[in-house]
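Chemist: Kindly produce the complete structure, drawing on both the sequences and the hints.
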Amino acid sequence: MASSLRGHAHTYGKNVDTDVIIPGKYCNLVDPVELGKHALEGLDPEYTARMKPGDIIVADSNFGCGSSREVAPIAIKGSGTSAVIAKSFARIFYRNALNIGLPIFESPEAVDGISAGDEIEVEPSTGVVRNITKGTQFQAAAFPPFMQALIDAGGLQPYVERRLAERAAT
Amino acid sequence: MGMTLTEKILARHAGLDRVEPGQIINAKVDLVLANELSAAVSIGVMRQIKGADRVFDPSKIALVEDHFVPAKDVQSAKIAKLMKDFAIDQKIEHFFDVGRGGIEHVVLPEEGLIAPGELIVGGDSHTCTYGALGAFATGMGSTDIAAAFILGEVWIKVPSTIKIVYDGQLGEMVSAKDIMLKTVGTLGIDGATYRAIEYHGTTVDALSITGRTTMANMAIEAGAKNGIFHADAKAIAYVQERTDRKFIVEASDADAVYERIVKIDVGNLEPQIACPHTPDNVHGVSDVTRDDIPLDQVFIGSCTNGYIEDLRVVAKILDGKKIASRLRVIINPGSQKVWMQAAQEGILTILASAGCIVNTPGCGACFGGHMGTLGDGERCLSTTNRNYVGRMGSPTAEVYLASPATCAASALTGIITDPRVMELAHA
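From first to last, the protein sequence lines are chains A and B.
Letter 64 of the first sequence, counting from 1, is numbered 64 in my numbering, and no numbers are missing.
Letter 366 of the second sequence, counting from 1, is numbered 366 in my numbering, and no numbers are missing.
Note that these hints are calculated values from the structure, not bench results.
Each hint should be verified, as a subset may be incorrect.
[To be verified] Example chain B residues on the side facing chain A (calculated, C-beta under 8 Å, incomplete):
no., residue
1, S38
2, G44
3, S125
4, S142
5, T143
6, T278
7, I357
8, F367
9, M371
10, V421
11, M422
[What the hints assert, rightly or not] Below 30 Å or equal to it, Euclidean Cα-Cα: the simulated DSSO-like pairs (lysine-lysine) are:
no., chain 1, residue 1, chain 2, residue 2
12, B, K78, A, K37
13, B, K337, B, K72
14, B, K246, B, K60
15, B, K72, B, K91
16, B, K157, B, K246
17, A, K25, B, K81
18, A, K37, B, K337
19, B, K337, B, K246
20, B, K28, B, K157
21, B, K246, B, K163
22, B, K28, B, K50
23, A, K87, A, K25
24, A, K14, B, K321
25, B, K163, B, K78
26, B, K60, B, K28
27, B, K81, A, K37
28, A, K87, B, K163
29, B, K50, B, K81
30, B, K91, B, K50
31, B, K157, A, K14
32, A, K25, B, K72
33, B, K84, A, K25
34, B, K60, B, K157
35, B, K72, B, K28
36, A, K52, A, K37
37, B, K157, B, K316
38, B, K84, B, K50
39, B, K72, A, K37
40, B, K263, A, K87
Keep in mind it's a predicted model, so treat the numbers as computed, not measured.
Glycine residues also receive a C-beta, built at the ideal position from the N, C-alpha and C atoms.
Modeler: Put into C-alpha cells, the structure is as follows:
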C-alpha cells in the first residue's frame, strides 16, 4: 500500500450492505476477478461497466453491514476499485478488508466533500485524501496501532506466520 | 470497577485478570465454525500460509454444509467437496454433511458443542446466536477463520456493552422474534456496532432457550459484535443434557460498567414487522396489515426461527386449513433433528396438507442462494433475519420479516395478518 491510489469517485448512501455488494447467489465463487464482475450489482448494476481501474467508492456510514462474507471486499478489490472511503464501516467488513488488503479509509469530512465523478487521490501511508477536482484535502482517521502493524506487515497472513514461528521457537 | 459478562469471558480466554473496552487482546478459542462458503476461502488462505499444514485441534473445529445444499450446481458441489475433503484430511471430528446436521447455528447448540463461558468464532455473521447459552460468540470473515483454524486464537477488540432490560409479560401470539424486531428497530442497524448486547429482565428470564436463541441470532442486525444472555438453570440444564464437558458459568458484576442501558417494556407489544429494505424499518403489525400488499411467498425457518417450537406454533395455526390461493409457503426446519421431531409429531403432515412445501434444512432461501429464490417484483413475508435489497433473490423483490405466528396467519390470508386476530376468529 505504498504508492498512492487515484481514480474517480462513485458515491453511495449509508448502510451499503454485503447483500448488495455481492448478492448471495455469487457467494460460491472464489476467483476475485469473477467476483469482481458482480461488485455492487445489487445497488448499482452499471458500476462495473462504468468504473475504471483505480476508481474509488465513497459512501456514508456503516459501509459493509450484514453478513461476514469475505467475498464482499474481495469482489470490490477484484473489480479494480482501489479504495473505499466511508464515514464508518461495519465491523466484520472492516476486519475483512484489512485482512485481504482492500484499502479502506474513515473520514466523514472527506465523504461530505466529495461529489460523484470527482478525481480523488489517497496516500495510504498517511491517510491523506485529496480531492483533485475541488482542490481540497482531508485527513482520514488513523488506524489503531495494532491494526496499523497488521497492515504494515502485509495483512493477517504474515502475522499468522510470525505467530507460528514464535511458537516454534519457544 | 467490575466487569461485564462479555469482558469476563474475554479476559479469561486471554489469560488476563481484567480487560477494558477498546483493548485489543489475543484470545484462545473453544470452537471455530465454518460453512462451505466461508471454509472454501479459509482453506485457500490456509494453504498459502507457510508452516500451516494442520489445524490447531481437530476436535475444536466444526464444519457444516448448509448454504448451497444439496448442491445447486457444479460450482456449489465443488466447494462442498473441498470442505469435505479438508474435514477428512484434517480429521475434523465435528463435520456435518448433508443429512447429518442442518443449519450451523441450529446444529451446534443442539449437538452440545456450545456451553456457557466458552468463546466461539465462526465464518458466518450469525455466529452470535450462541450467546443464548451464555457464550461469547462472534462472526468473522474467512481469513480470520483461517488464522483461528491454525492458531486456535484470534485478536479481538474488547467491546463496550449495551445492557437491554425487558420487562412485561408477552401477549398471546407475541414472541421472542417480535421482541427482537422491536429491539433492532429501537437501536437501528448500526446502533450496536462494535458493541456487545447483554439481554436482561423478567421477560427474557421467562423465555425458552429457543426464544433466547432467536434474540441472540439477530444481535448482528443492530451491528453488534455479540449478544449474550446469562446462563440460568434453564440454559445449564439444556447444555448438560447434551454434553459432559465442564464449563464455567459467570455473571456481570453488580458494578460492571455499561455504555448505556436501554429499557424496553414489552407488556403491550403487538406483533412486529420489519418492512423493506432494512431490518430496523420496524412497525407494529397493525400499521402493515393492508390489502394492497399481497404476498407471493411466505418463508418459515432459518437459524432465526427454524426450531421445533416455531414449527409447533405454525402447525397449530395451519392445522386443518389451506393456505391462500396464489401463495407459496416454504417451510424449512432448522436441522435434521428438528425435521425428524416435526415428522414424529405429525407437524410435517399438517403443513403439507395445508399446501406448504417442507424443504430440507439449509440456509439457501434466506440469502437468495436457492430453494426459494424470489423473482422480480415478488413479495415475501419471512421469519428470517435480513431484508436488504436482493437478500432473497431479485433486487426488485420485497422482504418483510416477522414471527412464525404472523407468517402462519398470513399464509392463510395471503396478506400480512395479525395472528391475534386469527386467534380470536377461531376462539
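Chemist: Determine for every hint whether it applies to the structure shown.
Modeler: Comparing the hints with the structure gives:
no., hint, in the structure
1, S38, "holds (7 Å)"
2, G44, "holds (7 Å)"
3, S125, "holds (4 Å)"
4, S142, "holds (4 Å)"
5, T143, "holds (4 Å)"
6, T278, "holds (6 Å)"
7, I357, "violated (20 Å)"
8, F367, "holds (4 Å)"
9, M371, "violated (12 Å)"
10, V421, "violated (32 Å)"
11, M422, "violated (32 Å)"
12, B:K78 - A:K37, "holds (21 Å)"
13, B:K337 - B:K72, "holds (23 Å)"
14, B:K246 - B:K60, "holds (15 Å)"
15, B:K72 - B:K91, "holds (27 Å)"
16, B:K157 - B:K246, "holds (27 Å)"
17, A:K25 - B:K81, "holds (18 Å)"
18, A:K37 - B:K337, "violated (40 Å)"
19, B:K337 - B:K246, "holds (24 Å)"
20, B:K28 - B:K157, "holds (14 Å)"
21, B:K246 - B:K163, "holds (28 Å)"
22, B:K28 - B:K50, "holds (21 Å)"
23, A:K87 - A:K25, "holds (28 Å)"
24, A:K14 - B:K321, "violated (44 Å)"
25, B:K163 - B:K78, "violated (44 Å)"
26, B:K60 - B:K28, "holds (11 Å)"
27, B:K81 - A:K37, "holds (25 Å)"
28, A:K87 - B:K163, "holds (26 Å)"
29, B:K50 - B:K81, "holds (24 Å)"
30, B:K91 - B:K50, "holds (20 Å)"
31, B:K157 - A:K14, "holds (24 Å)"
32, A:K25 - B:K72, "holds (10 Å)"
33, B:K84 - A:K25, "holds (21 Å)"
34, B:K60 - B:K157, "holds (22 Å)"
35, B:K72 - B:K28, "violated (36 Å)"
36, A:K52 - A:K37, "holds (13 Å)"
37, B:K157 - B:K316, "violated (45 Å)"
38, B:K84 - B:K50, "holds (23 Å)"
39, B:K72 - A:K37, "holds (21 Å)"
40, B:K263 - A:K87, "holds (29 Å)"
In this structure, the earlier hints numbered 7, 9, 10, 11, 18, 24, 25, 35, 37 are contradicted, and the remaining ones agree with it.
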